[in-house]
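What follows is the residue order along each chain.
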Amino acid sequence: MEVPILKQGPYLIASIQSAVADKDLVQLRDALVEKVGKFRARGVIVDVTVLDVMDSFATRILRDLAHMIRLRGAETVIVGIQPEVAFSMVQLGLSLEGVGTALDLEEGLAFLDQTGQSLG
Amino acid sequence: MADTLSASPPTRPASGSVPEKTGSGREVASIKIASDADIVTARPEGRVMGAELGFTGVALTIIATAISELARNIVLYAKQGEITLSKIENGHRPGIGVISRDQGPGIPDVAEAMRDGYSTSGGLGVGLPGVKRLMDEFDIASTVGGGTTVSIKKWKR
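Quick mapping for you: the protein sequence lines, in order, are chains A and B. Using this note's numbering, read the first sequence as starting at 1 and increasing by one per residue. Using this note's numbering, read the second sequence as starting at 121 and increasing by one per residue.
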């Protein structure tokens, strides 16, 4: 299932709606990297609240996505990683090193506002 | 379910008489793994069986994550295989057993593959040590050209 991408002010928001197959995540990554230029976005929020599993593939795609978006001149924040998911990720040895994270959408927006100011 | 591997998996119930279905909850569930979509299908099966066994919260997520990684290894290295979930018991302690079987190329050096940070797929996956850390028990049997069987267990606390 394709992940919808919304534009809000200078930001793009992608809210994952259900368990996603690998190809959907890859498609989301590619779409965001492209749309960040098309909409001249300053930041990207990826909401993973509904994901009940973040395995090695999902983690790698999200990390790649954030690094690619940064190369395009915008900042990414991953929001909504659930406590059980965080626990499992750490046990498994996964990390989102170098990627912004925030508790929820609201905190994610605040994170991007702050990042924009400090860069600006 | 036909077992076409020559080596019998180390942790199957010895009785071999586990019924496919009993009442509402299945004792054994087999999921064919042949594509990335099957990985997504396999995860909730583990959650459902885990919940039936009384696992909650973090434990259910851990079970689903371990299944996801094993299924991913099948797709990545062997193209196709099977994940079998079963309800197991150790004395009075219930648990879930997950067996991943494939007839892929096999692992030439299992000890090497169990070392943290080892990967032959260019950084894909976290490998088997991560899965081992998630679970209570971990067994692996692999023969080059014959395939790989990984058996993991989680006991209810």
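Derived from the structure by calculation, the hints contain no laboratory data. Check the hints yourself; a few may be wrong.
Stated by the list, open to error - Listed next, the in silico DMTMM-like pairs over lysine to aspartate or glutamate satisfying Cα-Cα at most 25 Å (straight line):
| # | chain 1 | residue 1 | chain 2 | residue 2 |
| --- | --- | --- | --- | --- |
| 1 | B | K276 | A | E97 |
| 2 | A | K35 | A | E84 |
| 3 | B | K199 | A | D24 |
Stated by the list, open to error - Ranges of calculated distance between the beta carbons of each label pair, as one might list FRET restraints:
| # | chain 1 | residue 1 | chain 2 | residue 2 | range |
| --- | --- | --- | --- | --- | --- |
| 4 | A | G116 | B | V168 | 24 to 32 Å |
| 5 | B | E257 | A | P83 | 35 to 43 Å |
| 6 | A | A21 | B | N210 | 48 to 56 Å |
| 7 | B | R213 | A | P83 | 24 to 32 Å |
| 8 | A | A110 | B | T161 | 23 to 31 Å |
| 9 | B | D236 | A | M68 | 22 to 30 Å |
| 10 | A | S118 | B | K152 | 23 to 31 Å |
| 11 | A | E97 | B | A231 | 39 to 47 Å |
Note that the Cβ used here is the ideal one computed from N, Cα and C, for glycine as well.
*Looking at the structure, which of the earlier hints fail to hold?*
Hints 1, 2, 4, 5, 6, 8, 10 and 11 contradicted; others consistent.
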